[in-house]
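Enquirer: Below are the chains, spelled out letter by letter.
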Amino acid sequence: MSMSRKPLSETSEWTFELIEKYHTQIARIANNFGLDTYPVQLEIITAEQMMDAYASVGMPIGYSHWSFGKEFAKNEKRYKRGQMGLAYEIVINSNPCIAYLMEENSMTMQALVIAHAAYGHNSFFKKNYLFTTWTSADSIIDYLLFAKNYIADCEERYGEEQVEAILDSCHALKNFGVDRYKRPSKLSLQEEQARQRDREAYLQSQVNELWRTIPTKEVLRDEIEEEARFPEEPQENILYFIEKNAPFLEPWQREIIRIVRKISQYFYPQRQTQVMNEGWATFWHYTILNQLYDEGLVTDGFMIEFLQSHTNVIYQPPFDSKYYSGINPYALGFAMMSDIRRICENPTPEDKHWFPEIAGSDWNKTLHFAMQNFKDESFISQYLSPKVIRDLKLFSILDDSREREIAVTSIHDEDGYQYIRQALSEQYNLGSNEPNIQVYHVDRKGDRSLTLRHTQYHRMPLAKNADEVLKHVARLWGFDVRLETLEEDGSVFTAFECNL
Amino acid sequence: MTQIVDRRLNGKNKSAVNRQKFIRRFRNQIKKAVADAVTERSVTDLDKGEKVSIPARDTSEPFFHHGQGGYRESIHPGNKEFRQGDKIARPEDGAGQGQGSQASNTGEGLDEFVFELTREEFLQFFFEDLELPNLVKTKLATIHETKKVRAGHTSEGIPTNINILRSLRGALGRRIALRAPHINSIAEAETELEDLLKRHSETDAVVIALREEINRLKRKVDQIPFIDTFDLRYDNRIDRPKPTTQAVMFCVMDVSGSMGPEEKDMAKRFFMLLYLFLTRTYEKIQVVFISHHTEASEVDEETFFYSRETGGTVVSSALNLMGKIIQERFPTSEWNIYAAQASDGDNWDNDSKDCTQILSEQIMPYMQYYAYIEITEDRHQNLWHEYLTLKSKWSNFAMQRIAGVADIYPVFRKLFEKQSA
Numbered sequence: 001m002s003m004s005r006k007p008l009s010e011t012s013e014w015t016f017e018l019i020e021k022y023h024t025q026i027a028r029i030a031n032n033f034g035l036d037t038y039p040v041q042l043e044i045i046t047a048e049q050m051m052d053a054y055a056s057v058g059m060p061i062g063y064s065h066w067s068f069g070k071e072f073a074k075n076e077k078r079y080k081r082g083q084m085g086l087a088y089e090i091v092i093n094s095n096p097c098i099a100y101l102m103e104e105n106s107m108t109m110q111a112l113v114i115a116h117a118a119y120g121h122n123s124f125f126k127k128n129y130l131f132t133t134w135t136s137a138d139s140i141i142d143y144l145l146f147a148k149n150y151i152a153d154c155e156e157r158y159g160e161e162q163v164e165a166i167l168d169s170c171h172a173l174k175n176f177g178v179d180r181y182k183r184p185s186k187l188s189l190q191e192e193q194a195r196q197r198d199r200e201a202y203l204q205s206q207v208n209e210l211w212r213t214i215p216t217k218e219v220l221r222d223e224i225e226e227e228a229r230f231p232e233e234p235q236e237n238i239l240y241f242i243e244k245n246a247p248f249l250e251p252w253q254r255e256i257i258r259i260v261r262k263i264s265q266y267f268y269p270q271r272q273t274q275v276m277n278e279g280w281a282t283f284w285h286y287t288i289l290n291q292l293y294d295e296g297l298v299t300d301g302f303m304i305e306f307l308q309s310h311t312n313v314i315y316q317p318p319f320d321s322k323y324y325s326g327i328n329p330y331a332l333g334f335a336m337m338s339d340i341r342r343i344c345e346n347p348t349p350e351d352k353h354w355f356p357e358i359a360g361s362d363w364n365k366t367l368h369f370a371m372q373n374f375k376d377e378s379f380i381s382q383y384l385s386p387k388v389i390r391d392l393k394l395f396s397i398l399d400d401s402r403e404r405e406i407a408v409t410s411i412h413d414e415d416g417y418q419y420i421r422q423a424l425s426e427q428y429n430l431g432s433n434e435p436n437i438q439v440y441h442v443d444r445k446g447d448r449s450l451t452l453r454h455t456q457y458h459r460m461p462l463a464k465n466a467d468e469v470l471k472h473v474a475r476l477w478g479f480d481v482r483l484e485t486l487e488e489d490g491s492v493f494t495a496f497e498c499n500l
Numbered sequence: 001m002t003q004i005v006d007r008r009l010n011g012k013n014k015s016a017v018n019r020q021k022f023i024r025r026f027r028n029q030i031k032k033a034v035a036d037a038v039t040e041r042s043v044t045d046l047d048k049g050e051k052v053s054i055p056a057r058d059t060s061e062p063f064f065h066h067g068q069g070g071y072r073e074s075i076h077p078g079n080k081e082f083r084q085g086d087k088i089a090r091p092e093d094g095a096g097q098g099q100g101s102q103a104s105n106t107g108e109g110l111d112e113f114v115f116e117l118t119r120e121e122f123l124q125f126f127f128e129d130l131e132l133p134n135l136v137k138t139k140l141a142t143i144h145e146t147k148k149v150r151a152g153h154t155s156e157g158i159p160t161n162i163n164i165l166r167s168l169r170g171a172l173g174r175r176i177a178l179r180a181p182h183i184n185s186i187a188e189a190e191t192e193l194e195d196l197l198k199r200h201s202e203t204d205a206v207v208i209a210l211r212e213e214i215n216r217l218k219r220k221v222d223q224i225p226f227i228d229t230f231d232l233r234y235d236n237r238i239d240r241p242k243p244t245t246q247a248v249m250f251c252v253m254d255v256s257g258s259m260g261p262e263e264k265d266m267a268k269r270f271f272m273l274l275y276l277f278l279t280r281t282y283e284k285i286q287v288v289f290i291s292h293h294t295e296a297s298e299v300d301e302e303t304f305f306y307s308r309e310t311g312g313t314v315v316s317s318a319l320n321l322m323g324k325i326i327q328e329r330f331p332t333s334e335w336n337i338y339a340a341q342a343s344d345g346d347n348w349d350n351d352s353k354d355c356t357q358i359l360s361e362q363i364m365p366y367m368q369y370y371a372y373i374e375i376t377e378d379r380h381q382n383l384w385h386e387y388l389t390l391k392s393k394w395s396n397f398a399m400q401r402i403a404g405v406a407d408i409y410p411v412f413r414k415l416f417e418k419q420s421a
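One line per chain: the protein sequences are A and B, in this order.
Position one of the first sequence corresponds to residue 1 (the working numbering), numbered consecutively onward.
Position one of the second sequence corresponds to residue 1 (the working numbering), numbered consecutively onward.
Incorrect hints may appear among the rest.
What the hints assert, rightly or not - Estimated spans, in silico, between C-beta atoms of each pair:
#1 B:Gln20 with A:Pro317: 34 to 40 Å
#2 B:Glu262 with A:Ser321: 36 to 42 Å
#3 A:Phe230 with B:Gln84: 46 to 52 Å
#4 A:Phe16 with B:Ile224: 40 to 46 Å
#5 A:Glu232 with B:Arg8: 53 to 59 Å
#6 B:Arg8 with A:Asp294: 29 to 35 Å
#7 B:Asp36 with A:Phe493: 41 to 47 Å
#8 B:Lys32 with A:Asn312: 38 to 44 Å
What the hints assert, rightly or not - Computed list of lysine-lysine pairs in BS3-like fashion (alpha-carbon distance at most 25 Å, straight line):
#9 A:Lys148 with A:Lys244
#10 A:Lys80 with B:Lys51
#11 A:Lys74 with B:Lys32
To be verified - Short derived list, chain A residues pointing at chain B, Cβ under 8 Å:
#12 Glu43
#13 Leu394
#14 Leu398
#15 Ser410
#16 Ala423
#17 Leu424
#18 Glu434
#19 Gln438
It should be emphasised that the hints constitute simulated quantities derived from the structure, not laboratory data.
Heads up, the beta-carbon is just placed ideally off N, CA and C, and yes, glycines get one too.
Here chain A stands alone, though its shape is the one from the complex (with noise of 0.2 Å):
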């Protein structure tokens, strides 16, 4: 019966009209589907505004800063050179979740959009559990307004250089602005601002009281041995401790660093998060069109182009081509979401022996549970199936510096499956992709110099340009920076220095 209902539309030309009415059937078949989403908000936006949402990171207002501007520049070239499509995944998590439709877009790439980021990003942001613990999407789009208010006032008070350098230098230390562990508290406009006065003065209060027991050269060698480590622990938040910690910066430079690590903080779920969700983003635009089609509600013509358009996002090319830039997130994670599906409805003997929970259970139930409660790291380790693993022929290769050549460890065979999976989980690992730095020591009795510990992980050294990072931390600190690495044999040496 449904088959002989009428298209919503046959060109490919999109109204205001049209999109509400594509929008009020993908939202029906999201909902029939369990899509638990945020409000939606539809903007339509020209090209150029959806370069400056790519150049924010998607942030609907931004502060402003050069590396903004270099992003734009850097995007517009690539897409008047057409190497870049501008379409899928400029949606961040708010309330309204805010997705964009660019004007020149047909009405088949405006339904696509609207079912991958309005319901696919939007659920995942709204469930997944790292953003309803690490996020709330209620106060970001205020919180930002405040960053941007409070920047551009910054600017205005004490000169834009000023407040570039501040930025710069947060920005060379934002992926060490993060708590890994902590739940940050809760962003609100009001309080922020209301507190934000009450801040200065007490953070204030709080350094002049760190630094007051400063000696004069009088003080006996011993004694100073005998003082307690400063910090107690080691720190992981490096931004923070500097913002809480550091001498000589003026309280408005403390709330700037406030303002980077609580944006970077937000984004942090978004950096575990990347193969879960395009994967879910991509497996429900998929689903959802159709379904669409199935209802006789779109055209051959319509699901033709979709088509394509999909096929080019979940390309992966192989390792030796030149197109290759590792794992495409969009084709791991499509891959995985639709294999969940399949174990569930169609399991084979192989995956009812890896996967005994899940095989022949409600598909829906298992992905939104999947979807709920893993990252990338653990998302990857529970669920990747030798199946995926023979599809993308993965193998992995062992790059030992100690060795003249490098080795393949293992490839897509029964021998392989178990030590691809978890060597894959491991490369979504951010714990061991970004070098594990704290904060170490300072030198409170004597030249107040910030020590950094970089911990190293499989030997892997820092890179070189780290000593352009220690400049900044040394901006921030306002003292000398040392960094010095822990190898795994326990041994430590001094690998750079930043005397001012």
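Starting from the known structure of chain A, arrange chain B on it as the hints suggest.
Expert: Frame of chain A; chain B shown alone:
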């Protein structure tokens, strides 16, 4: 609840601020790139944007990350013939190890960061050294204005543009055309009525019916409107670029041994500026390049700026050639003639007097403007002293000694004064 918001109209240039910040930060690199671009460009080709590249390491935003080395395992797709335990020679650039994308992130690669300056931004940088006043900069940077000119009539428009004469003329024509068949029928019917009345009385049914018919036709004629929206005609006005005249620009340069690449570059900037100025005023511009040492010849731009000659200098040869070309190809009735001469001022002793004479008699009477720049840091040369006499006689003769690019502008001042007057 869904909201669809049309954002297209607000804040088109949200990134403009960030872009400006970016440009300010890399000002020096960009400036250098613009200077390089200017030397590569043709005189007539200044007026567009430019691709500028900055070494990627300068725009890098450093952050802590792992470098090469250590022990790392990585997963890759698309295995073809590898088996477990295979040993492979380490690829030199780290490709095939999943480091491909990271290499650019580290900023350690030597890639150039290329981006495009808009035309306005490019001109801004170009003008910067020249120390042009802002008014002049704006004038040069704006695309020339258009003016509305009449272009016939259209059937659509706004009420203020209604052309009454045309509309009524159209209405009249329409009325005549639409009435014609009825008028004829009425005439026929009336003749018939006369015939009938000869044989029948007024009260006969046929007569009454015919009178009815005549009245019906007359009503029809009356119903034809006096004027219909269909008749309305509007004056049509289209935009046409204001300057519609043409100009020729003579570039005269001394290419004798004493003019080095630096002097030539300065002369080139001078010529470019003049050209740019002319494009704002004239629609069509031709450029004639005359280079001279002891002899003058008309050359193409490439030869003009980059050929190297040696020998002495006889300026009058060039002026003679210019006079000849004006006579032959550019009648003043059709062309506005501008000339710019660049020289280090060194001339054959007895020749300078001849120059003054040629200029006064054969050239200056036809000139809109003649600019002479003496590119030298030493004291004025003999040609300068000769030209001083010309300057007092001709108000459209400008001369200036330039030691650096910043000195170029004063030569133009007069030109702009004239424009704004």
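Enquirer: If a hint holds in the structure, say so; if it doesn't, say that too.
Expert: Okay, the hints, checked on the actual structure:
no.	hint	in the structure
1	B:Gln20 with A:Pro317: 34 to 40 Å	holds (37 Å)
2	B:Glu262 with A:Ser321: 36 to 42 Å	violated (50 Å)
3	A:Phe230 with B:Gln84: 46 to 52 Å	holds (50 Å)
4	A:Phe16 with B:Ile224: 40 to 46 Å	holds (43 Å)
5	A:Glu232 with B:Arg8: 53 to 59 Å	holds (55 Å)
6	B:Arg8 with A:Asp294: 29 to 35 Å	holds (34 Å)
7	B:Asp36 with A:Phe493: 41 to 47 Å	holds (45 Å)
8	B:Lys32 with A:Asn312: 38 to 44 Å	holds (40 Å)
9	A:Lys148 with A:Lys244	holds (22 Å)
10	A:Lys80 with B:Lys51	holds (13 Å)
11	A:Lys74 with B:Lys32	holds (20 Å)
12	Glu43	holds (5 Å)
13	Leu394	holds (5 Å)
14	Leu398	holds (5 Å)
15	Ser410	holds (5 Å)
16	Ala423	holds (5 Å)
17	Leu424	holds (4 Å)
18	Glu434	holds (7 Å)
19	Gln438	violated (11 Å)
Comparing the model with each numbered hint stated earlier shows that hints 2, 19 do not hold.
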